[in-house]
Amino acid sequence: MKFYEESDLPIYIQVAEWLENEILRGQFEPDDKIYSQYQLADLFTINPATAGKGLTILFDHDILYKKRGLGMFVTPHARSVILSKRKNEKLTLLVNGIVDEAERLEVPFDELIDMLKSAKMKTQGRDKND
Amino acid sequence: MNVIAVFALILIVTMNVAIRIMKNKNSSRNAIFKLNSTSTKWLLIGYVAILGVFTIVAACISPKDPSYEKVAAEKIEQFVDFYPTLSQGNEEEVPAHLVEGKWSKKLVSNTFKIVNDNSYSLPLTLFVERVENTDGIMEASLYKGLDIINDYEVRDYMEDIELEWTDDKLTIKEKKNPPISLSFFHYDYLFKQLKEERANTLKHMSSHGPALYIKVPKSVALDIDENTVYVIVES
Amino acid sequence: MSLNEVSLIDVVRKQVHFKWKSYTGIFQSLLILQILGLFISTLGEGSMSEPGYGRSISVQYYSSSILVGMTAMWLFINSMLLTTSAYREDDFTFVSTRWSRLLANFTFIISLALLGTVTSFLSMNVLKVYLFIKNDELILTNSLTFFETISSLVVLLSYLILICAAAYTIGSIIQRNKWVGFGLSMLLIVLGAISVDYEGTPINFLIYFIMFDSSLMLLLFKLSLANGFLFFISWMVSDNQEVRV
Amino acid sequence: MIECKKLSKKYRSHSALSNLNCTIQENTITGVIGRNGAGKTTFMKLIAGYLKKTSGELHVMEENPFTSLKVSANSIFIDDQMSLPTSLNLKELLNSFARFYPNWNEPLANELMTYFQLPQKAYMQNLSKGMRSTFQAIIGFAARCPLTIYDEPTTGMDAAVRKDFYRALLKDYLAFPRTILLSSHHLEEIENLLENVLIIHDQKAFMHLSVSELKESVVAVKGEKAAVNEFASMHNKLSINESFPGMAMAVVQVNNYIRRENFPHLTFSNLTANEAFIYLTDSREGGIDRVFERSELD
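Protein chains in written order, with the numbering used here: chain A, 1 to 130; chain B, 1 to 235; chain C, 1 to 245; chain D, 1 to 298.
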């Protein structure tokens, strides 16, 4: 597993996001034990402390909970927390970016809406024939 | 004293060898031949084993009864260096046990010859005294010497001496005895340190050659060939 | 991560074992020097031939002093070399402190002295066998009783240890400050040489004081005193010596 | 594990370290980074007990490394001038290390020797530089010392071996956690391995922080000259140059977290750890290109 080196995000955040994706993908059901920091370090060839930081972020956002001496486990509502977090953090950032870009290119607002709709159509098309 | 000299010599030699080696940084510990540590170990064990074998061999073949023994102490005490007394002519002072033989001869002709038949030097010291006595009798006596090297009596002089008396001639014949060659092995001084003989009793020789003392009446003409060395005694 | 407790004696023992295993150059030079010494000693130490009466006598002297001299030389050189930086850095690559290194080195040179004593004593027999074979008449002047042999070996051993300790001390001083070391060693040589000729000099007295003593115990006491003193100086000189500067 | 207060090391002609303060926790992998001659190696040799400190305090495992047998027995110093006896072959060298270090892992050593194709019977002198570094790295792994110090261990190794080395270092660390000091000139290669970085610059512990903190502490800013200057003045400007008329690019050390949004007309970009390190420790104004500019002028 190789990290996308040039990405701006620090490694521990990338680890956190990777774990979130794993949870979203259903790799980890609620109350499952998640990778330990040593397993993550081994997986990504990174320092266990860095991996630990990634886990603590998820713990801070109440996606994981700790059992003394056993490690970290997925909280029952982990999925919903991740979805809402992603929505109001990452999505909003992307949306603001799109709006700024539209202004710079003087694209009227409704034209922007149409572009969003057609993009939606395309993704639905792709989903249907998967 | 040679030990300290050896010690000083060692110090001088090793000092500059060591200093020269210490100059270049890491060559000071490279092995001489490319042997790894196990083969060097076996080389060393083999060497010590060989030395052990030699030790046993040395113990076995060292002569049990060496043909030379230490000379008895009394023999040395009783021995008197009779050279001074003989050269002054007073034969009688020489202790009896040192006399090997005595001869007395009535001279017929009025000449007496002494011939040295020996290709080497005389095996003895010849003392000649001209005496007054009128009855033409010539007397001679042979005195035993003592040859000690490092406390060992290495030979009996008498074996080399053969005298042949005829009426008017004495010939000192040559006995073809083989030359003696000796070798002494002594431990290093350090080993001997604890023995009483502190002084280095080695490497000294005391040799007192045998002597033939002849009293020849003055009335007789003495003819000794020119290459014989003898001592004239004036009593 | 638990730290391992470690005992000084244990480390010193390991260091001595390591030195025995890795300093192959030292043991090879022992063989070379002793075999060389044997050849030289077969030439004999001197000869005399007796003048005078009747058949001639030629006397050949053989002794072991050359053998002992060669062994002393080997010990002297190697004890000095042990203090060089190459050996020192080897020690510190593994586990060592200045103190453990000094203890290990002294134990090692004592074991070298022991090896030297044994091999030089045994190699005398090679000389004897050679002489027995070479000429029939070999007279062993001082045949030693068993007890005398042992005590002489102990004496020889303590002298050799003294030589090693002196060499190691000089080596340490040289490592610490080159010129003082050289100066000291040159002084030692000069004094050594002088003492041979002129009786009165202090070094001569010192040598007499140490060497010429008939009672074994007193001699060993004096020698170990001298060794202790040299050990102390080596420690004083090398206790804060840096490595891999 | 390691504490130093006002640690200095002065030689007759120059001083290598002066008043260096740092504390290194147990069981962490710390990258010791610094420019050539910044005192990295001196610092590590002091910890290993090779050199004697001139002043200040230095405690390793609560003892003075220079005199403590415990430190020596529980630490190992690996670098390319490692002095090893020339008379022993590789196998015998491993055995010697095994005898000295109680935690020595024999099977691991042999596995690594076969993996890196190092012949057991070979001698150090006739190994290539890379093979020698590999062998020394294996010693570091197998010794399993509570304090393992690597001083530029990858000199001479090719890229593949280097990658294996870093992978092996981490695996060995996971299997047997210990304190590791790793000095290297390729910070970009080892940054993922390190828990934190100790930057030694002009004889002091310039910075001692985690890699991510290091990266976040420096940012590159592009935009109009005025805006850039204004932003740079708020923080510690490391270097600034006009790319083309009216525009400027600056590298700035930020002393607190900046919200990028409230500087809309400036574009920010992060630096790699290595670049951050170079700018932070580059005392010469404007870097190497300024040198060329100057040389063209006169």
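Hint data in this document are derived by calculation from the structure and do not stem from the laboratory.
A couple of the hints might just be wrong.
Claimed, not checked - The calculated lysine-lysine pairs, modelled on DSBU-like cross-linking and capped at a C-alpha distance of 35 angstroms, are:
| no. | chain 1 | residue 1 | chain 2 | residue 2 |
| --- | --- | --- | --- | --- |
| 1 | D | Lys70 | C | Lys178 |
| 2 | D | Lys52 | C | Lys178 |
| 3 | B | Lys41 | D | Lys129 |
| 4 | D | Lys91 | C | Lys21 |
| 5 | C | Lys134 | B | Lys176 |
| 6 | D | Lys52 | C | Lys21 |
As the structure is a prediction and not an experimental result, all values here were calculated from the model.
The hints, checked one at a time:
1. Lys70/D - Lys178/C: holds, 32 angstroms
2. Lys52/D - Lys178/C: Holds. Lys52/D to Lys178/C sits at ~20 angstroms (cutoff 35 angstroms).
3. Lys41/B - Lys129/D: holds, 30 angstroms
4. Lys91/D - Lys21/C: holds, 13 angstroms
5. Lys134/C - Lys176/B: holds, 24 angstroms
6. Lys52/D - Lys21/C: Answer holds: Lys52/D to Lys21/C is near 30 angstroms, not above 35 angstroms.
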